[in-house]
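Enquirer: Here is what each chain is made of, one letter per residue.
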Amino acid sequence: DGGITQSPKYLFRKEGQNVTLSCEQNLNHDAMYWYRQDPGQGLRLIYYSQIVNDFQKGDIAEGYSVSREKKESFPLTVTSAQKNPTAFYLCASTPPTGRPTGYTFGSGTRLTVV
Amino acid sequence: GEDVEQSLFLSVREGDSSVINCTYTDSSSTYLYWYKQEPGAGLQLLTYIFSNMDMKQDQRLTVLLNKKDKHLSLRIADTQTGDSAIYFCAESLMDSSYKLIFGSGTRLLVRP
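As you go down the protein sequences, you meet chains D and X in turn.
Position in the first sequence (first residue = 1) + 368 = our numbering.
Position in the second sequence (first residue = 1) + 69 = our numbering.
Check each hint, because a few of them may be wrong.
Stated by the list, open to error - In silico BS3-like pairs for lysine-lysine, Cα to Cα no more than 27 Å straight-line: (1) Lys377(D) - Lys105(X); (2) Lys425(D) - Lys105(X); (3) Lys425(D) - Lys451(D); (4) Lys139(X) - Lys125(X); (5) Lys377(D) - Lys425(D).
What the hints assert, rightly or not - Some chain D residues flagged as far from chain X (calculated, every beta-carbon gap over 10 Å): (6) Glu430; (7) Ser448; (8) Ala449.
Everything labelled a hint here was simulated from the structure, so no lab data went into it.
These figures come from a predicted structure and were not determined experimentally.
Yeah, the Cβ is synthetic: ideal placement off N, Cα and C, and Gly gets one too.
Using the sequences plus the hints, can you model the full thing?
Expert: Put into structure tokens, the structure is as follows:
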């Protein structure tokens, strides 16, 4: 079955560490997105990529980095510059036309700073 | 800029109808969406409506769109305890990015 796989489901980070969240899709979707979810604040866009080897900053890109070397993969690195990284991170993808089917989401990664 | 607003919480009794409301600001939005999120999970697309439609019905779900007031609602008929979740409204931007702008979500609690 096609879908989006995020791993790990839970991740713990020490102060000053970089960590990388994985997002893989086998839907043949061109566009991929990373969102951050905090309680009561909905989803905020971190980065998105519409094509391999290209990506754009979203609304809260500071302290994060991404790469898009393959169509199927869009990993997110949370760097030590991100001062408040504890959150639920969601990856999504959409087919070339975008509309009307909207996004397909992964099941999320919960990151906690310890 | 674009903004999507929802009320934060709704509580209903099992068997009643639930109505979740949403307002958006981008009048050029072409599609509007409703997503459901269960605890610890990703978002699941429930339904969507094209901006030239007023209403869309899909089994227990009815979406109403008032484009003049930029108001979207989701009605769930015969609400069940399994409907307890967070519901997100989202609008698609009228550009090539295919970005969706999400509301902050409405937590629906269904009481037995």
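Enquirer: Would you pick out the hints that fail for this structure and give their numbers low to high?
Expert: none
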